[in-house]
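Chains as they are written, first to last, in numbering that gives the first Met the number 0: chain A, 0 to 169; chain B, 0 to 275.
FYI, nobody ran anything at the bench for these hints, they're computed from the structure. Any given hint could turn out to be false.
[Claimed, not checked] Sample of chain B residues lacking proximity to chain A, with all beta carbon distances greater than 10 Å (derived):
| # | residue |
| --- | --- |
| 1 | A36 |
| 2 | E134 |
| 3 | R137 |
| 4 | R146 |
| 5 | Y237 |
[Claimed, not checked] Per the computed footprint, the stretches of chain A lying under chain B, defined by three or more beta-carbons under 8 Å from a beta-carbon of chain B, are:
| # | segment |
| --- | --- |
| 6 | 20-34 |
| 7 | 41-47 |
| 8 | 52-58 |
| 9 | 65-78 |
For clarity, every value in this text was computed on a predicted model and none was experimentally measured. We put the CB at the ideal spot given by N, CA and C, even for glycine.
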Amino acid sequence: MTELSGLRLGLVGLFVLLLQIGFVPAWRPLGVVPDLGLVLLVAISVWASLSTALVAAVALGLGVDLASQVNFGFHTGFYVLLAIVLTTVTRAGFFIDRAGPVVLAVAGATLVEVLAMLAVLFLGGAHLPPGAVAGLLLRQLAVNVVAGAIIVPLSVWARGTRRSEGGAII
Amino acid sequence: MAMFGQLIDGGRTRPERLRNRVTVTLIAGMLLVLIGASGKGGPLTWAYSVTLAPVVSSLSSAGRSTGQVLGVASGIGRLSGENARLARENAELKGRLAATGDTARENADLRRELGIKAITPHKLIPAQVVAYQPESYRQFVTIDAGRRQGISPGMAAMSDGVTVGVIASAGENTSRLQLVSDPEFKIVARDQDTGATGILRGQLGGGLSLEKVAATDAIKPGDAVATNGSGPVPANLYLGQIQAVHERGGSIFRSAQLSPAAPATSLRLVMVVAGP
Numbered sequence: 000m001t002e003l004s005g006l007r008l009g010l011v012g013l014f015v016l017l018l019q020i021g022f023v024p025a026w027r028p029l030g031v032v033p034d035l036g037l038v039l040l041v042a043i044s045v046w047a048s049l050s051t052a053l054v055a056a057v058a059l060g061l062g063v064d065l066a067s068q069v070n071f072g073f074h075t076g077f078y079v080l081l082a083i084v085l086t087t088v089t090r091a092g093f094f095i096d097r098a099g100p101v102v103l104a105v106a107g108a109t110l111v112e113v114l115a116m117l118a119v120l121f122l123g124g125a126h127l128p129p130g131a132v133a134g135l136l137l138r139q140l141a142v143n144v145v146a147g148a149i150i151v152p153l154s155v156w157a158r159g160t161r162r163s164e165g166g167a168i169i
Numbered sequence: 000m001a002m003f004g005q006l007i008d009g010g011r012t013r014p015e016r017l018r019n020r021v022t023v024t025l026i027a028g029m030l031l032v033l034i035g036a037s038g039k040g041g042p043l044t045w046a047y048s049v050t051l052a053p054v055v056s057s058l059s060s061a062g063r064s065t066g067q068v069l070g071v072a073s074g075i076g077r078l079s080g081e082n083a084r085l086a087r088e089n090a091e092l093k094g095r096l097a098a099t100g101d102t103a104r105e106n107a108d109l110r111r112e113l114g115i116k117a118i119t120p121h122k123l124i125p126a127q128v129v130a131y132q133p134e135s136y137r138q139f140v141t142i143d144a145g146r147r148q149g150i151s152p153g154m155a156a157m158s159d160g161v162t163v164g165v166i167a168s169a170g171e172n173t174s175r176l177q178l179v180s181d182p183e184f185k186i187v188a189r190d191q192d193t194g195a196t197g198i199l200r201g202q203l204g205g206g207l208s209l210e211k212v213a214a215t216d217a218i219k220p221g222d223a224v225a226t227n228g229s230g231p232v233p234a235n236l237y238l239g240q241i242q243a244v245h246e247r248g249g250s251i252f253r254s255a256q257l258s259p260a261a262p263a264t265s266l267r268l269v270m271v272v273a274g275p
């Protein structure tokens with residue numbers, strides 16, 4: 000297990016957050032906003048300690064929630080749960096130290112996030128035509144996986160010195 | 000907390016300060032979310048508005064340009080078809096405009112004869128879109144005008160003659176605009192051709208539907224739908240055109256699908272209708 004360099008991680012996190020709340024919402028490739036925060040958090044949760052992943056989850060989630068201002072707390076809550084689940088799964092040895100499984104984890108996390116948000120919208124009485132739901136789900140998956148293929152190498156760069164080889168996930 | 004403790008301990012020796020770091024992070028995160036969700040996130044919102052918001056505005060502009068460049072490159076064939084459709088619409092609108100001109104002259108004559116004052120046009124506040132919703136599900140935009148410019152929650156906003164949304168919240172110099180395509184958007188609307196009223200709702204994916212229209216009221220494809228006038232939203236603000244009517248046997252209501260709303264990213268300048 001390697002630990003991420005704090006400074007590099009901070010820089011990558013800020014860069015990704017600014018892209019997430021400023022650049023990609025105005026672009027909307029395929030009509031959806033790629034969840035770059037989720038992608039980065041998956042990479043961090045797989046490669047870093049629980050405490051680092053939680054700090055990243057709270058910072059990224061709050062950043063997106065403040066910019067969004069609707070369903071406040073959804074992103075922070077989801078990112079925190081994701082960080083806890085993924086660091087637990089990593090400790091159980093499900094992830095190997097390569098980018099491929101991380102991109103797969105991005106797809107899984109995206110699926111869960113979309114379904115969770117749809118549930119929130121449904122409970123709020125929103126109108127969700129099945130065709131639109133299926134289209135959004137597929138496009139969000141595609142865009143997030145492509146974003147994963149770009150951001151995961153960035154997080155590899157953010158990985159610093161080996162500090163706790165085979166040790167604690169804190 | 001016991002669960003987190005187990006997760007952290009895992010049967011190994013762990014420095015106490017690291018365990019504390021996890022606990023403090025979780026508690027701080029929960030507190031910040033509670034403060035924000037309770038609507039008392041003043042300091043948080045202020046910190047966001049002075050640090051990230053200016054950068055977000057610049058990045059939004061860059062993102063919009065990128066999307067347009069890539070969209071033009073990939074949509075030349077589509078543009079050709081759209082051009083033909085717009086030419087047809089243009090011819091139709093010219094015809095309507097001529098008819099409207101006659102009606103306006105007739106109305107002016109009647110008002111003069113009856114001594115009725117001319118209807119004052121609505122006061123419009125121009126505003127530029129400075130940020131978009133950072134997620135795929137909800138449809139909101141941030142505009143660069145707020146309470147100081149006379150904007151208050153509930154006011155309608157228009158773009159290119161079409162109602163695009165309603166102000167959800169107004170800050171000092173910025174406001175959040177809930178677009179008609181937001182899946183939780185609702186407004187009372189009226190069929191301008193038949194007078195039938197219903198509730199216009201946004202749908203996930205940008206669609207619009209007119210619901211709760213009495214089965215006895217007439218609505219048909221091609222009818223124009225406008226606001227009915229409620230609260231600060233005046234009547235007769237154009238919302239869209241009916242594309243298809245859906246009826247369910249035995250139901251006392253019918254519904255209709257409207258032409259889809261313009262995508263949020265196409266919005267640059269909006270006019271907030273601030274009343275007479």
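(request) Hey, is E134 of chain B genuinely clear of chain A, shortest beta carbon separation above 10 Å? (result) violated, 6 Å
(request) Confirm or reject the statement that R137 of chain B sits farther than 10 Å, beta carbon to beta carbon, from all of chain A. (result) Given that some Cβ of chain A is not farther than 10 Å from that of R137 of chain B, nearest at about 5 Å, it is violated.
(message) For the segment 41-47 of chain A, count the residues whose Cβ lies under 8 Å from any Cβ of chain B; is that count three or more?
(response) violated (count 0)
(message) If we take the beta carbon of A36 of chain B, is the closest beta carbon in chain A still more than 10 Å away?
(response) Answer for A36 of chain B: violated, closest chain A Cβ roughly 5 Å.
(request) Check, residue by residue, whether the segment 65-78 of chain A contains three or more positions whose beta-carbon lies closer than 8 Å to a beta-carbon of chain B, and give the verdict. (result) holds (count 11)
(request) Taking the shortest Cβ-to-Cβ distance between R146 of chain B and chain A, state whether it exceeds 10 Å. (result) holds, 16 Å
(message) So is the segment 52-58 of chain A in contact with chain B by the C-beta rule, three or more residues under 8 Å, or is the coverage claim wrong?
(response) holds (count 4)
(request) Against chain A, does Y237 of chain B hold up as non-interface, every C-beta pair farther apart than 10 Å? (result) Consistent with the label, Y237 of chain B stays out of reach of chain A, its closest Cβ about 21 Å off (over 10 Å).
(request) Go check the segment 20-34 of chain A versus chain B for me, would you? Three or more residues, Cβ under 8 Å, otherwise it fails. (result) holds (count 13)
The earlier numbered hints that this structure contradicts are 1, 2, 3 and 7.
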